Amino acid sequence: MYAFDVTRPKTVAEAVEALGAEEAQALGGGQTLIPTLKQRLASPSVLVSLASIDEIKGVCADGDTLTIGGGTTHATVAQEAAATYPALAALAANIGDPAVRNRGTIGGSLANNDPSACYPSAALASNATIVTNTREIAADDYFQGLFTTALEPGEIITGVKFPVPQAANYQKFVQPASRFSLVGVFVAKYADGVRVAVTGASEGGVFRWTEAEAALSADFSPAALDGLTASADGLINDLHGDAEYRAHLIKVMTKRAVAAAN
Amino acid sequence: MTKVTIKVNGKPVTAEVEGRTLLVEFLREKSRNTGTHVGCDTSQCGACVVHVNGNAVKSCTMFAIEADGAEVRTVEGMQNADGSLSALQAAFQEHHGLQCGFCTPGMIMSASDLLKNNPKPTEAEIRHHLEGNICRCTGYHNIVKAIMAASGQDVSNIAAE
Ligand SMILES: Cc1cc2nc3c(=O)[nH]c(=O)nc-3n(C[C@H](O)[C@H](O)[C@H](O)COP(=O)(O)OP(=O)(O)OC[C@H]3O[C@@H](n4cnc5c(N)ncnc54)[C@H](O)[C@@H]3O)c2cc1C
Ligand code: FES
Ligand code: FES
Chain X
1 MYAFDVTRPK TVAEAVEALG AEEAQALGGG QTLIPTLKQR LASPSVLVSL ASIDEIKGVC
61 ADGDTLTIGG GTTHATVAQE AAATYPALAA LAANIGDPAV RNRGTIGGSL ANNDPSACYP
121 SAALASNATI VTNTREIAAD DYFQGLFTTA LEPGEIITGV KFPVPQAANY QKFVQPASRF
181 SLVGVFVAKY ADGVRVAVTG ASEGGVFRWT EAEAALSADF SPAALDGLTA SADGLINDLH
241 GDAEYRAHLI KVMTKRAVAA AN
Chain Y
1 MTKVTIKVNG KPVTAEVEGR TLLVEFLREK SRNTGTHVGC DTSQCGACVV HVNGNAVKSC
61 TMFAIEADGA EVRTVEGMQN ADGSLSALQA AFQEHHGLQC GFCTPGMIMS ASDLLKNNPK
121 PTEAEIRHHL EGNICRCTGY HNIVKAIMAA SGQDVSNIAA E
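Residue numbers (my numbering), protein chains in the order written: chain X, 1 to 262; chain Y, 1 to 161.
Everything labelled a hint here was simulated from the structure, so no lab data went into it.
One or more hints might be untrue.
Here are the simulated DSSO-like cross-link-like pairs (lysine-lysine), alpha carbons at most 30 Å apart as the crow flies [unchecked claim]:
1. X:Lys161 x X:Lys57
2. Y:Lys3 x X:Lys38
3. X:Lys38 x Y:Lys7
4. X:Lys38 x X:Lys10
5. X:Lys10 x Y:Lys120
6. X:Lys57 x X:Lys10
7. Y:Lys120 x X:Lys38
8. X:Lys57 x Y:Lys7
9. Y:Lys3 x X:Lys10
10. Y:Lys7 x Y:Lys116
11. Y:Lys7 x X:Lys10
12. Y:Lys116 x X:Lys57
13. Y:Lys30 x X:Lys10
14. Y:Lys11 x X:Lys10
15. X:Lys38 x X:Lys57
16. Y:Lys11 x Y:Lys30
17. Y:Lys120 x Y:Lys30
18. X:Lys251 x X:Lys161
Residues from chain Y that face chain X, not an exhaustive set, calculated with beta carbons under 8 Å [said to hold, decoys possible]:
19. Gly19
20. Arg20
21. Ala56
22. Asp113
If you want the ones that stay clear, here's a sample from chain Y, every Cβ over 10 Å from chain X, calculated [as the list claims (entries may be wrong)]:
23. Lys3
24. Thr122
25. Tyr140
Owing to the predicted nature of the structure, the values given are computational and were not obtained by experimental measurement.
Note that CB positions come from ideal geometry on N, CA and C, so glycine has one too.
Use the sequences and the hints to build the structure in full.
Next comes the structure, spelled out in structure tokens:
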């Protein structure tokens with residue numbers, strides 16, 4: 001690692017000010033950023049740790065909306081979202097391993113937007129709102145491709161608002177070495193229709209499988225997907241699985257998610 | 001350099017660290033708790049797992065500054081008050097839950113983290129909880145057996161395969 005300073009502000013306002021410094025970068029749980037720093041793929045002058053900011057931590061259910069603070073760890077979501085949004089809690093409970101879940105945060109995961117990460121699929125399938133220190137961004141506008149989001153430099157994810165669905169499920173085909181998803185599918189059913197978000201599969205990052213959404217909105221059953229095939233165009237081709245295999249998995253995992261949600 | 005104080009196994013340790021000093025470096029080089037190992041340094045193997053304020057974390061993936069003021073427990077803090085092996089440590093010895101021993105400190109810290117919240121875990125729960133702890137020797141079977149035995153469960157019909 002190159003040398004840098006670490007600051008630990010206690011409020012969002014202090015963190016935003018600290019992030020105004022040249023080459024400053026936010027530090028969430030560090031579960032992605034620290035390995036990146038070790039590889040010298042990032043060289044910040046100062047890391048602004050968000051871990052001491054209580055106002056961006058916690059899970060809060062209010063009517064049909066579940067709000068999760070941007071600094072909330074996966075372990076906390078797994079526990080505290082279980083009653084309100086069990087599919088989301090189950091997703092959090094299966095990210096990496098217990099030690100990763102005790103440090104990694106939802107804000108860090110969404111800011112990073114790894115093409116194989118779990119949370120982006122939940123946010124997109126739930127049409128969540130990403131709340132930052134300056135604005136609110138709809139999930140449909142937030143994810144902009146591989147490791148790319150609508151966030152501006154220095155912008156902090158302070159919370160994520162999830163509309164609670166009538167039924168939902170996440171199915172993750174685990175890449176056994178990394179424990180990320182080789183293909184993961186999040187299905188969420190709302191009064192006005194079904195949304196299906198796919199992670200792990202595309203070179204462009206998380207995306208919605210709109211044909212499946214239309215079929216499932218008409219008939220929320222695994223059989224509704226029988227006539228559909230996910231396209232292999234633009235899917236990831238690597239040693240863990242080629243594009244055709246991933247396309248096949250998308251349908252299999254979507255069917256499993258619908259079956260489990262019913 | 002920044003001065004940090006971390007309570008390691010109940011004893012406050014103060015040292016000057018850089019921003020990039022990892023918690024595991026603090027533990028091994030400042031407080032001399034070399035029981036905490038570095039296997040991969042890439043957040044994969046779990047040999048460096050310690051408890052920070054009661055939660056299992058990979059100490060190679062946390063900065064020492066982030067633990068300023070925290071209570072850290074390492075494998076050196078796991079024995080009974082009289083210095084004898086804890087039930088979990090004794091079970092690893094009894095059931096051959098280690099061979100070279102490199103992964104063992106992390107295994108003990110992760111297993112005790114599991115038993116704290118789930119005093120009688122099933123075999124599947126143990127394997128799921130140890131997903132981030134890699135062992136190159138044992139094939140895991142005897143580790144799982146040791147943890148089941150430490151939690152007071154009958155392991156007489158769990159044979160090493
Ligand atoms: C062994 C291992 C297995 C894993 N398995 C999985 C898995 O199965 N599924 C999965 O989804 N993920 C997995 N992860 C990644 C893990 O979920 C990370 O915790 C997460 O991707 C990043 O969150 P973090 O809080 O650690 O962020 P950091 O690593 O601290 O930061 C990541 C990036 O986000 C920025 N950032 C952090 N917080 C904020 C914020 N609040 N606002 C704006 N920007 C911010 C940082 O500047 C940095 O660019 C795994 C990681 C490891 C080490
Ligand atoms: S040394 Fe920390 S996970 Fe391997
Ligand atoms: S006993 Fe050798 S690595 Fe586990």
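Hint by hint, work out which the structure violates, then give me just those numbers in ascending order.
Hints 5, 7, 17 contradicted; others consistent.
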